[in-house]
Amino acid sequence: MDKSIIYTRVSTEEQVANYSLDSQRETCSNFSKSKKLEVVKVFREEGASAKTIKGRPELIKLIAFCQKKENKGIKVIVYKYDRWARNTSDGLGLMAILSKNGVEVLSATEPAEDNAVGKAMKGMLLVFAEMDNNIKSERTRDGLKAAFDSGRWPWLAPIGYKHTILNGKKTLILLPGFKGILSTLFKEAAVGVYTKTELAERLNKNGFGNLFGKEATDKTVYMIISKKFYYGVMEAKTWNIEKNHNYETVTDKETWLKANNTIYDKGLIRQTRNESFVLRRFILCSNCQKPLTASFSKGMFERYPYYHCVSNSCSKPTRVAKFDLETGFREYLRGFQLSSIQTKLLKAVLLDKLEEKIKENELYIASKRKKLEELNTDRTYTIKANGKGILSDNEAKKELDRIKLEENLIDIEVADFKYDKNEAETIIGFAENFLSDIGLLWEKLDFERKRFLLNRMFPKKITYKDGYFGTKELSPSFALIKEIQKETSPLVRPDRIELSSDL
Amino acid sequence: MITISKAKNILGKDIENKSDEEIQKELDMAVFISEIILDAFKQSCKYDKLRLNKNG
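Protein sequences, first through last, are from chains E and W. Throughout the first sequence, residue numbering follows the working numbering, covering 13 to 515 in sequence. Throughout the second sequence, residue numbering follows the working numbering, covering 61 to 116 in sequence.
Worth flagging that the hints you see were computed from the coordinates, not collected in a lab. Bear in mind that the values here come from a model prediction, so they are computed numbers and not experimental data. Hints are not guaranteed to be accurate.
[Claimed, not checked] Restricting the straight-line Cα-Cα distance to at most 30 Å, the calculated cross-link-like pairs of lysine-lysine (DSSO-like) are:
#, chain 1, residue 1, chain 2, residue 2
1, E, 356, W, 102
2, E, 15, E, 73
3, W, 78, E, 265
4, W, 78, E, 472
5, E, 462, W, 78
6, E, 484, W, 73
7, E, 302, E, 472
8, E, 369, W, 66
9, E, 92, E, 48
10, E, 239, E, 181
11, W, 85, E, 359
12, E, 456, E, 334
13, E, 240, W, 85
14, E, 265, W, 68
15, E, 191, W, 66
16, E, 302, W, 85
17, E, 371, W, 85
18, E, 231, E, 182
19, E, 359, W, 102
20, W, 78, E, 359
21, E, 433, W, 68
22, W, 102, E, 456
23, E, 416, E, 383
24, E, 410, E, 382
25, E, 433, E, 380
26, W, 78, E, 240
27, E, 80, E, 112
28, E, 131, E, 73
[Said to hold, decoys possible] Across the chosen pairs, the derived CB separations fall in these ranges:
#, chain 1, residue 1, chain 2, residue 2, range
29, E, 455, W, 73, 30 to 40 Å
30, W, 73, E, 227, 50 to 60 Å
31, W, 73, E, 199, 28 to 38 Å
32, W, 95, E, 448, 16 to 26 Å
[Claimed, not checked] These stretches of chain W come out as covered by chain E in the derived footprint (C-beta under 8 Å, 3 or more residues):
#, segment
33, 65-71
34, 74-82
35, 88-96
Glycine included, every Cβ here is placed at the ideal spot set by N, Cα and C.
Isolated chain W (complex conformation) (with noise of 0.2 Å):
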């Protein structure tokens, strides 16, 4: 799990002169995102995979 000082690590000069709170807050927003890209992969490749068998 990220927390904020890996973060902070991440993004070093990036966010210099972010406080914990707003980096806390990009970093819900990445949980967020990732896991709505992990399910979209998850589903584009099971229609892959459809899309295989069906074509033999």
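Bound conformation, chain E alone (with noise of 0.2 Å):
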């Protein structure tokens, strides 16, 4: 008796369609029984799309099981030749190499002869079995793209959203919480001081987990951030076309491009976060003006800490060490003061600040007041409740601690730095003394304030050459005072502002 095998294939639609494996298999048992054939094995492929070989692993069995010598001759089944193969040339070139060991592909609902006339008509079926397909594939293509042209998400919903039908016209809906949580993403990554790493952590901290049902990774920071979708805009790249949206948005388009130019176009904050060197990727190699890394060298008896190029072209690469380079910046910052209209901008923003700090204040102080009326209330409580037995001496005592310790908390808590109106003149003041120099300034800030200056106010960041510093451009916020660096700092030359195309 010669022998079979059996080969099943179901797609992902076709599951849902009902389209099952055992009504195959039971089909090609009858095919090979009719046929005096020994069923020896089956192939199931289950979920599994016919137009290309990738992605059907049972196939690529089949083929190596029929190509052993054991194996010579042997038929497969197959239910219908589009179980084989939707693709014409896969269908046929599968077939003749399985026919270089005897083997011949036969469906059990097609038949057809083993003669001239039954090969073309195998590659017949093969050819519909490909155009059924192409149809198919055009049908959801027109469906999809009319539904875009109308103004409708007609993939995947995006991170946030969900497809449902209201007033029977399917939308998409932002679910209850995202909005919040995505608006704020947005403009973390604005700011431009937040890796992707580190953006994904505080979605997390911001409940994202719960929400989406896993936690966000850099790579869901990406999907996010990368969707215009998010301020209103559908993009379809297959067609190259864009179209605005009516769903809810979380975002607006300024806070997405900055988003977008700080965190993947202009790769400022790319690069992994080292607290030890906050100059690392942002002052460039005087000879190839590529970014300076930094790391520690070993010495005999410690670790000494290095910027440098690390750039395979670069000639001559810029090497100092994280001492000299970080003093000679700050050294080179105190030539900058703010600009007129950003000190005039400053000091509205400062005394705005404070009107709202007052506002808080005073919030706070009358919560802490209220506090302290209701600790009262309970230590009156107590006394009268010891009076009446209710409660005995020692549990009255243990309760008038508490409430004693609570109040002097309390009175700490007010009596530490409050705002004041009065204070507005004093703070002016003390503003002007302190940005009289940008030196002093940054060093007051943590890492990620000094990065948000440094990407603000150097917007093309610094080549460094031999102790000198330039930039080809500077934020209008800042303005460069040539009289105190020559009178402060030997390593800066304020003229090297400019610069940069000669360094």
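Using the hints, put the two standalone chains together into the complex.
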């Protein structure tokens, strides 16, 4: 008795349509019996498309099986030729490979004789299988395009959204809770001080994991931030078209642009965060204009921190000790002050913020006063309850001690510094003094704020050469004070501010 | 909160040639620096208070 094997396949869509593997197998078994073939093996391919061979592990196993010597002349039974392939060239190509070992592919429902006409018939059936598939693809594409043109998002809902039907119409809704955290994500990304990993951590801290079902990663951040959908534009990259949509948005175009420019295009903060080297990847090598990286060099007794150029193409890489570079940079900053516009604006913003703080302060003190009143009521109640014998002396003492402790804590909190209306003039004076030296401002900043200031103050970074710094662009919020630099810094040539091309 | 239109009123002629985007950048910078100043001021006041307490 000749041998046969059965190959069954369903794609994901067909599974839904109940095109079952078992019914295919049964038909193939019956066909084998009718042809007096013994079924020796069954290959079941589940949830796989036949458009390509890739992604069909069972088919690959089947080919290997059929190419064995002992399986020479075996018959492969499929329910229909479209189970074998939906691409004519692939289907015929595979048949040709198998035929070298005398293996033949037969359809249980589309019998074709083993002669010239039969072979031509097989080819035709595979052509129809491919055509059927192409028609389906075209219909799907047309449907998607029509939906897109009408302003409806036809694909998988973006993170935070869900497809639903409202008043009989398909639509997308923003799920509760997502608006706040996605909006915060864009704002934080736009600031330009966080890496993608840090943004993912912050997303998770804000409860993203609970809402989405799994924690955010840097890939999640990329998927969200790179999508224009979140500010109101649908993109169809395959057709290279865009269209505004009317779904609820989580950010505005300006913030979206800032977030994307900061994180992906300009590469300002794509680097790993290393707080030991605040100028890392911000200072450019004078020779090749590539950003300097930084690391510790091993010495005999300790490690020495250095900034250095690691570009392979650099013929004269810059290498400078951390102390020298950072001290020089701090001196360099002393040569700047706020521009007159920025000074004027800052004064207004300071007074505005002070007013905000005073209001916050008043609310805070009012809440503490209320708490003190409650504690006083508790005290009166405790004393009365003790007098009536409801509370024992011991219980009453414990309660009174707790009340006293809480009152003391509130006194300490309230006595702490509070902003005052009379403080306005003092603060303005303090600000003028404080900002007379940007180097002093720099020293007061933490890592994140330093990176923010760097990126904003010097949008095209800074070039360094032998103790001198220069930049191609200075933020208009700042101005150079040449006189101060000449007097105070032997390291810095203020006229180098517009250099760089000659470095 | 200072908005772009408020900023335009404050700055008047100084910003005649500036776009909204440029003004927004100036405003962002002012907000950033003002927060640093208020923090630094608070710290210095705390320091003064501690010093006063210490000196009796």
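Against the structure, the hints:
no. : hint                       : result
1   : E:356 <-> W:102            : holds, 22 Å
2   : E:15 <-> E:73              : holds, 17 Å
3   : W:78 <-> E:265             : holds, 20 Å
4   : W:78 <-> E:472             : holds, 20 Å
5   : E:462 <-> W:78             : holds, 26 Å
6   : E:484 <-> W:73             : holds, 27 Å
7   : E:302 <-> E:472            : holds, 12 Å
8   : E:369 <-> W:66             : holds, 20 Å
9   : E:92 <-> E:48              : holds, 19 Å
10  : E:239 <-> E:181            : holds, 24 Å
11  : W:85 <-> E:359             : holds, 16 Å
12  : E:456 <-> E:334            : holds, 19 Å
13  : E:240 <-> W:85             : holds, 22 Å
14  : E:265 <-> W:68             : holds, 22 Å
15  : E:191 <-> W:66             : holds, 28 Å
16  : E:302 <-> W:85             : holds, 27 Å
17  : E:371 <-> W:85             : holds, 27 Å
18  : E:231 <-> E:182            : holds, 29 Å
19  : E:359 <-> W:102            : holds, 17 Å
20  : W:78 <-> E:359             : holds, 19 Å
21  : E:433 <-> W:68             : holds, 25 Å
22  : W:102 <-> E:456            : holds, 13 Å
23  : E:416 <-> E:383            : holds, 12 Å
24  : E:410 <-> E:382            : holds, 22 Å
25  : E:433 <-> E:380            : holds, 20 Å
26  : W:78 <-> E:240             : holds, 27 Å
27  : E:80 <-> E:112             : holds, 11 Å
28  : E:131 <-> E:73             : holds, 25 Å
29  : E:455 <-> W:73: 30 to 40 Å : holds, 35 Å
30  : W:73 <-> E:227: 50 to 60 Å : holds, 52 Å
31  : W:73 <-> E:199: 28 to 38 Å : holds, 32 Å
32  : W:95 <-> E:448: 16 to 26 Å : holds, 19 Å
33  : 65-71                      : holds (count 4)
34  : 74-82                      : holds (count 4)
35  : 88-96                      : holds (count 9)
Checked against the numbered hints given earlier, the structure satisfies every one of them.
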